[in-house]
Structure formats: C-alpha cells, structure tokens
Amino acid sequence: MSNPIEKVKKALLLTLPLIIFLTQTVAIATEATEIHTPDFPNYLDMLYDYKPGTQLNYTEYLQLLKEFFNSINKGRDLEDVMSDPNLSKLQSLMREGGDLDNARKLDALMSYSTLSSDELIQGIRDDELRSLIQEAALTGNVSNSLLNLINEMYSSGKISFDDYVRALYALRNISSDAESRKQIDSLLLRVLGNSLINSSLNVLGGSESLTQLTDQELVRDAVNSMLQFLNREPEANADFIKGLEDLLKSSQTSPSIPSLKIPSAGLALPPLTSLSIDLGTALPFIVLTLALTISLVIFLKQDKISSALARITPRGSRPSYGLGNIESRIIRTYWNSVELLRKKVQRSPSDTHREYYERVSRTLPEADSVFRNITFAYEKVRWGALDESALADEVDSNYVRLKDLVGKS
Amino acid sequence: MSWALVLKKASEILVEKDYEVRLIIASLLAEGHVLIEGVPGIAKTLTAKTVAKLLNLDFKRVQMTPDLLPTDIVGGYVYDARQGSFTLKKGPVFTNVLLIDEINRGSPRTQSALLEAMQERQVSIEGQTFPLEKPFIVLATQNPIEFEGVFPLPEAQLDRFLARIESTYTSTEGLKRIIKEIDQIEEGFNALSPVMGREEVLESIKEVRKVRVDDSIYDYTVRLVEESRKHPAVKLGASPRAGIALVRLAKALAYIDSRNYVIPDDIKSAAKPVLSHRIILKPEYEISGVNSGKVIEDLLASVEVPKP
Ligand SMILES: Nc1ncnc2c1ncn2[C@@H]1O[C@H](COP(=O)(O)OP(=O)(O)O)[C@@H](O)[C@H]1O
Ligand SMILES: [Mg+2]
Numbered sequence: 238m239s240n241p242i243e244k245v246k247k248a249l250l251l252t253l254p255l256i257i258f259l260t261q262t263v264a265i266a267t268e269a270t271e272i273h274t275p276d277f278p279n280y281l282d283m284l285y286d287y288k289p290g291t292q293l294n295y296t297e298y299l300q301l302l303k304e305f306f307n308s309i310n311k312g313r314d315l316e317d318v319m320s321d322p323n324l325s326k327l328q329s330l331m332r333e334g335g336d337l338d339n340a341r342k343l344d345a346l347m348s349y350s351t352l353s354s355d356e357l358i359q360g361i362r363d364d365e366l367r368s369l370i371q372e373a374a375l376t377g378n379v380s381n382s383l384l385n386l387i388n389e390m391y392s393s394g395k396i397s398f399d400d401y402v403r404a405l406y407a408l409r410n411i412s413s414d415a416e417s418r419k420q421i422d423s424l425l426l427r428v429l430g431n432s433l434i435n436s437s438l439n440v441l442g443g444s445e446s447l448t449q450l451t452d453q454e455l456v457r458d459a460v461n462s463m464l465q466f467l468n469r470e471p472e473a474n475a476d477f478i479k480g481l482e483d484l485l486k487s488s489q490t491s492p493s494i495p496s497l498k499i500p501s502a503g504l505a506l507p508p509l510t511s512l513s514i515d516l517g518t519a520l521p522f523i524v525l526t527l528a529l530t531i532s533l534v535i536f537l538k539q540d541k542i543s544s545a546l547a548r549i550t551p552r553g554s555r556p557s558y559g560l561g562n563i564e565s566r567i568i569r570t571y572w573n574s575v576e577l578l579r580k581k582v583q584r585s586p587s588d589t590h591r592e593y594y595e596r597v598s599r600t601l602p603e604a605d606s607v608f609r610n611i612t613f614a615y616e617k618v619r620w621g622a623l624d625e626s627a628l629a630d631e632v633d634s635n636y637v638r639l640k641d642l643v644g645k646s
Numbered sequence: 003m004s005w006a007l008v009l010k011k012a013s014e015i016l017v018e019k020d021y022e023v024r025l026i027i028a029s030l031l032a033e034g035h036v037l038i039e040g041v042p043g044i045a046k047t048l049t050a051k052t053v054a055k056l057l058n059l060d061f062k063r064v065q066m067t068p069d070l071l072p073t074d075i076v077g078g079y080v081y082d083a084r085q086g087s088f089t090l091k092k093g094p095v096f097t098n099v100l101l102i103d104e105i106n107r108g109s110p111r112t113q114s115a116l117l118e119a120m121q122e123r124q125v126s127i128e129g130q131t132f133p134l135e136k137p138f139i140v141l142a143t144q145n146p147i148e149f150e151g152v153f154p155l156p157e158a159q160l161d162r163f164l165a166r167i168e169s170t171y172t173s174t175e176g177l178k179r180i181i182k183e184i185d186q187i188e189e190g191f192n193a194l195s196p197v198m199g200r201e202e203v204l205e206s207i208k209e210v211r212k213v214r215v216d217d218s219i220y221d222y223t224v225r226l227v228e229e230s231r232k233h234p235a236v237k238l239g240a241s242p243r244a245g246i247a248l249v250r251l252a253k254a255l256a257y258i259d260s261r262n263y264v265i266p267d268d269i270k271s272a273a274k275p276v277l278s279h280r281i282i283l284k285p286e287y288e289i290s291g292v293n294s295g296k297v298i299e300d301l302l303a304s305v306e307v308p309k310p
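The listed protein sequences correspond, in order, to chains S and P.
Going by my numbering, the letters in the first sequence line up with residues 238 to 646, in that order.
Going by my numbering, the letters in the second sequence line up with residues 3 to 310, in that order.
Just so you know, the hints here were simulated from the structure itself, not pulled from any lab data.
All C-beta atoms, glycine included, are put in the ideal place defined by N, C-alpha and C.
Any given hint could turn out to be false.
Said to hold, decoys possible - Pair ranges (Cβ atoms, derived):
#1 P/S4 <-> S/N307: 31 to 39 Å
#2 P/D221 <-> S/S325: 36 to 44 Å
#3 S/S397 <-> P/I180: 44 to 52 Å
#4 S/D364 <-> P/P242: 47 to 55 Å
#5 S/S329 <-> P/F132: 26 to 34 Å
#6 P/K178 <-> S/N323: 50 to 58 Å
#7 P/N58 <-> S/S397: 25 to 33 Å
#8 P/E306 <-> S/S397: 50 to 58 Å
#9 P/R200 <-> S/D364: 45 to 53 Å
#10 S/N381 <-> P/A303: 56 to 64 Å
#11 S/D364 <-> P/S4: 15 to 23 Å
#12 S/N378 <-> P/V41: 33 to 41 Å
#13 P/R63 <-> S/Q371: 20 to 28 Å
Unchecked claim - To spell it out: a stretch of chain P is covered by chain S in this simulated footprint if at least three of its residues, at any positions, have a beta carbon under 8 Å from a beta carbon of chain S; those stretches are:
#14 251 to 264
#15 274 to 287
#16 296 to 305
Given the sequences, and given the hints that come with them, work out the whole structure.
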C-alpha cells in the first residue's frame, strides 16, 4: 500500500464512480445543454454512441493514415500529396466508414487541383469572393491580406468549403510569387490534414474495433503521426500537445489499458472549418476526452463495478430526440420560434419545417433571414444529427432578433 | 460527384422536365424502375436518352408491339448458319438504361418476362442464368389508359415500379421555347458530353444506402401507409412494400439534394410517385373523378409530421 502508484490507482478508482455517475446525470439531464458553456462538446453521451460494426479494415486504414501523415510531415509538395494514390484509398475507406462529408471534401481537394484558374473562378458561388479572386487574377498579385480575408470569410461561415478550396487553388495558379504560393500550399495542406484527422475521429470514434485491434503499436503510431502534423501548425499550442503526448506515453506503459480508444467526435477537434482555430482551446477537450475514456476503460475492466454501472447507465439506448428525452438547445429554440411566429403565421401539424419556413418567408418577409437560419440549423441538428455547438450561438442571436421582430410588427 | 450538375445540364436541353429528371435519377440511385405515363411527343424518349448520356451509361430502347416475343427482350440462342451451331444473342435487356416505349402495347407474356427481369436483375436463357448490368433501370412509358389496343399492366405488377411519373405538357411559355429553340435543343443533345460515369453512379448508389433516417421518419412513413388504407375512397391501400419504397426513394432524393439525412419533406416528395400506382380506389369514387393523386394529397395534409 505504500507504493505511490497503487495509491493513485486506488484513489482514481474510488473517485471514478462519482465522476461517472455525475457525468451520466449531466449528460442525460434535459437541461444539459444549458449547464454547459456554449460550445462545450457534449461528448459524454457519444462514448455510448457505438456505431454498428462496419466491414472497414481498421488495420489498413490506420496504416494508410500513418504513412500518409508521415509523408506530409516530411514536407512533400502539394502536387505530390494530392496525387498520392494512398489519398484515394483513404478516401474510399472514409466512405466505407460512413464519413461522407469529409470524403466529399477530399473530392474537392483532389479534383480542383487539376482545374485552371478560370474554371475554378467560374465555379465560385459567392459573388463577393468571386470578384475578389477575379481582381487578383487581373493583377496577378496575391497579397497576404487577401489570404487573410479569405480565411476569415471561411472561418466565419460566409463561404462554403467548396468555395474556399476553389479560391485557394485559383490563387495558387494566379500567383507568380513563390512565397505566397508556399503559404497557399500550407493552407491547402492544413485543410487536407484537418479533414483527414476529423474523419479519423468520426470513423474510428466510438468503435470497439480499436480495442480489439491487436496491433496497438499501429494505433499509437497513427495517432502520433497525426499529432506531429498538428505540431507543424505554427499556432498550435505546444504545451497541450506535450500533454497529449505524455498521456499517450502513460497509456503505453500501463498494462491495464488495453488500447487507446478515441472517442467519437468530430467535435473533439473543433469543426476544423474554422481555420483561425486555436488549438489551445481544442486540445483540452481532446486531453479531457482521452483521459475520461482511458479512465472509463480501466473502470469498466472492474467487473463488479461495471455490472453495477450497467444499472445506472442507459447504454445502447441513447435517447433520441423523437422521444423527447434530450432536447438540444437548437431544437428547443426552433420550437420556441415557431411558438412566437404562430401568432402571425399559421402552422398546420402536417407542415414540415421547410414548408412552414416558406410560408413565413412569404407572409412575414422581414423575418425571412432570421427564421431561415433557425430553421436550417434545426434541420441539420434534428434530422442530420449534426453536433450543434458550432451553430448554437448564431441561432441564439437570431432568436433574439426574431423576438424583437415579432414584437414590433 | 455533382448530381446538381447533372440536373443542370439536363435542364439546358429539356424544357420543364426537372421533376421527371430528378425522379429518374433518384430511382436509378435507389435501384428502382420507373413507369412514365403520358401522351406521345412530350419528350419521354429524349429525357431518358439525356439522362443516360449525361451519366455515360449504355442505353437501349424497345418499342413494345403486340407481336414482340419475350426473346426479343431477353435474348436467346439463334442458329448461326456459317458455324452450323446455335450462338447466344443477348437481348436489349443487357444494358444500363432500358427504355420500354408503350409497355402497355406488349403482350402479357412479353410484359411478364420483362417484369421478371426487372425484379430479379437476372435472366435465364435456356436454363442458364445471366446477371444483368449494374446499374440497371427500366424506364417504361405508358399511354394513358383510354388509348385503344392496349394490355394494361396487372395491378399487382405495378408494384415492380419504384416510382410512377405522370408526365404532362409543358406550360405555354415552355411550349413556345421548345418550338423556338428546337434546333438548339437537338444540337445540344447531340453535343452533350457525360458529366460522370458508371463507377460514380455505383458509388452513389452505395452512398444513398448510408443516408441517415431518423427513427421518427419511419414512424411518419408507417402512419402514411396505415392512413392510406383508411381513406374512404380507397379499396386497397399501400402495402408494406410501398412503405419500404417510400423510404428508399426519399433517401435518394435527399442524396441528390446534397444531404446525407432524410427530412420529412423527402418523404412528402416521394409520396406521390411511390404511392399513386399502389393505391386502388373504389370504383364509385373513381367514376366521380377522385384519383389516387388526390387521395395522397389528403394523406399528406392530414398526417402529422414528426415532432419536435
Ligand atoms: N419538354 C421538352 N423539352 C425539349 N424538347 C422537347 C420537349 N417536348 C418535346 N420536345 C421535342 O419533341 C421531340 C419528341 O419527343 P420524344 O422524346 O420523342 O417524345 P415521346 O417519347 O414522349 O413520344 C423531342 O425529341 C424534342 O425535340
Ligand atoms: Mg418516345
């Protein structure tokens, strides 16, 4: 008992039931989203969100990820990276793993690299962005401030992923100056790497296959190569990466931890759509999530307690919104908005959210843009099961504006 | 894979056929077949050819006549005088997009050979089984029933079609455009180049299967199916297979709309094409002008969409 490691282990085991009980309660509570600070990833229930077993070959997937990131880390050319056959293989594994979103993003990244700047510019949907790039094409000059502006447009959600990638490739073709080309290349590589990492969290996340994988070294190597990639990012916060690495190391030495189980979460990393991403804010969540997961794994190893836990944990039956057990903030805000609007615009129970939005837009045009934002956020969260943290703030502020509008008119 | 681009390219040639094209593509991706109803001359053939060309798929057309035999569709062994033996000649059913014009003019025997091939996606010739191509979609056109000299498809067999499209005349402006721009339409079709290929279509078919369907969407579908049986004008309501077809088509519609999840609107959009040929009305209502389209509108307006 004097062994300090034993002591720590014991203390951990004693506090874990409490932690787990509390986190469960919080995750299940209807008001959970209110308690969390905005954007706080509600990942706890995702630990229980096991995906049905797919036929995906995890060994191959991890091997490819590892090799691919290692090759990027060595500083390959963008052309090289984009035309790497391994990238196409990764993409089809992502599809198999059910991550269509990121697979589509890779489509864009790979296919646009072969288009001319004219073709790229023509396909840009956002008018403002298109004219910005057209201007740059005339002068042949790609300034830093232009790149920053485009990054800003993308991270604020003004332009789509597609537009962003088109713009970057177009500028890359336009630019005659080596320095700015290099900068564009690193932006494109970052987008690519982020999609792959996000995707790996989606595909591997919550899957039990990782724990069944015998080749634990491969798991760690793949994660390490991704960490190294993040490390190359200038704005990455070195302390947190260090912390994460330490955590990885400790998981390697502890025999009681069968493997590193990466929790499902496109949100462990903030949706890397925001490019001005501050890894400092993202990594605590990763570290916390990993720590919790590892603790859980140790904890669940204890047979006796885990059977007790089974009684308080609704595993495998994560309540769906349809049952009204968990209501997300956005879904609630949507219905509150409908309640407000109903005084002005009738809603029949057989109306879909889109049909109702059409009606509101026709009869109360001043509410159009505000209610459109709320409606489509609702759609994504309610029907697409999208993580709502990225949308919640905007929806909240639109709701405030809607209250104002309806009150006035 | 840009399905929006396919729709756009098709609309540059076909006037006011967006609804038809969207449903044909969705049915292709949902691995179903389509029955197109409408009078001659409203671009049914041109629509089918345009879709096939844009997707770089093999296209064949068969004009059904009462004397057409099952082997004319499926194929068979023919005697080769030079070689002095029988050789296999595969029929037009071995293609990706098979347009059957005026299916209701074919003899019942030939119809049923075709319907069987559609269902099984394979044919047997002299006891030997041959799988059909992938993807495989039959677009069968049918004149409105009042035309003469036809063998109407048996009601039970209509179920083989995932969707039924009632194709109508264009608007007055649309008609003017067709007449005015007929040269460009024809040149446009001839110059049309594919925007994707067979592999991408197969890939999309796989992705459509993965489109997310919230549990409450199933509940909504079940309600629609059950309510269809209670409607006063209905003799025979929607079958379980109709419910399955509703969700399948809705998933494909969601996918073409660049979503990987179904919304209630997709089910609503799928309802008419999926249910209209699967609901049989009581004769007395039919005489008084009620049609299945009207019944489906009633259903959609009365069944609640899922909440919250
Ligand atoms: N909506 C339309 N858009 C474009 N062309 C049309 C349209 N309707 C008719 N046409 C013209 O009329 C021709 C006849 O159409 P076709 O496809 O043979 O009709 P169907 O197969 O319905 O009998 C087409 O080839 C086209 O030139
Ligand atoms: Mg024709």
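Results of checking the hints against the structure:
Hint check: P/S4 to S/N307, Cβ distance near 33 Å, so the stated range 31 to 39 Å holds. For the pair P/D221 and S/S325, the beta carbons lie near 40 Å from each other, so the given range of 36 to 44 Å is met. Remark: the range hint 44 to 52 Å for S/S397 to P/I180 is contradicted by a beta-carbon distance near 35 Å. Look at S/D364 against P/P242: about 49 Å separates their beta carbons, and that is inside 47 to 55 Å.
Under the hint 26 to 34 Å, the C-beta atoms of S/S329 and P/F132, about 29 Å apart, fit the expected range. The hinted range of 50 to 58 Å is satisfied by P/K178 and S/N323, whose Cβ atoms lie roughly 55 Å apart. With their beta carbons about 27 Å apart, P/N58 and S/S397 fall inside the hinted range of 25 to 33 Å. The hinted window of 50 to 58 Å between P/E306 and S/S397 is violated, with their beta carbons roughly 34 Å apart.
For the pair P/R200 and S/D364, the beta carbons lie near 36 Å from each other, so the given range of 45 to 53 Å is not met. In this structure the supplied range 56 to 64 Å holds for S/N381 paired with P/A303, their Cβ-Cβ distance being about 57 Å. A beta carbon spacing of about 20 Å between S/D364 and P/S4 agrees with the range 15 to 23 Å that was offered as a hint. Distance hint for S/N378 and P/V41: a CB-CB separation of about 60 Å, inconsistent with the stated range 33 to 41 Å.
For P/R63 paired with S/Q371, a C-beta distance near 45 Å fails the hint of 20 to 28 Å. Counting residues of the region 251 to 264 of chain P whose CB falls under 8 Å from any CB of chain S gives 4; the rule of at least 3 is met. For the region 274 to 287 of chain P, the assignment as covered by chain S is violated, since 0 residues bring a beta-carbon within under 8 Å of that chain's beta-carbons and 3 are needed. Against chain S, the region 296 to 305 of chain P contributes 4 residues with a C-beta closer than 8 Å to a partner C-beta. That satisfies the three-residue criterion, and the hint holds.
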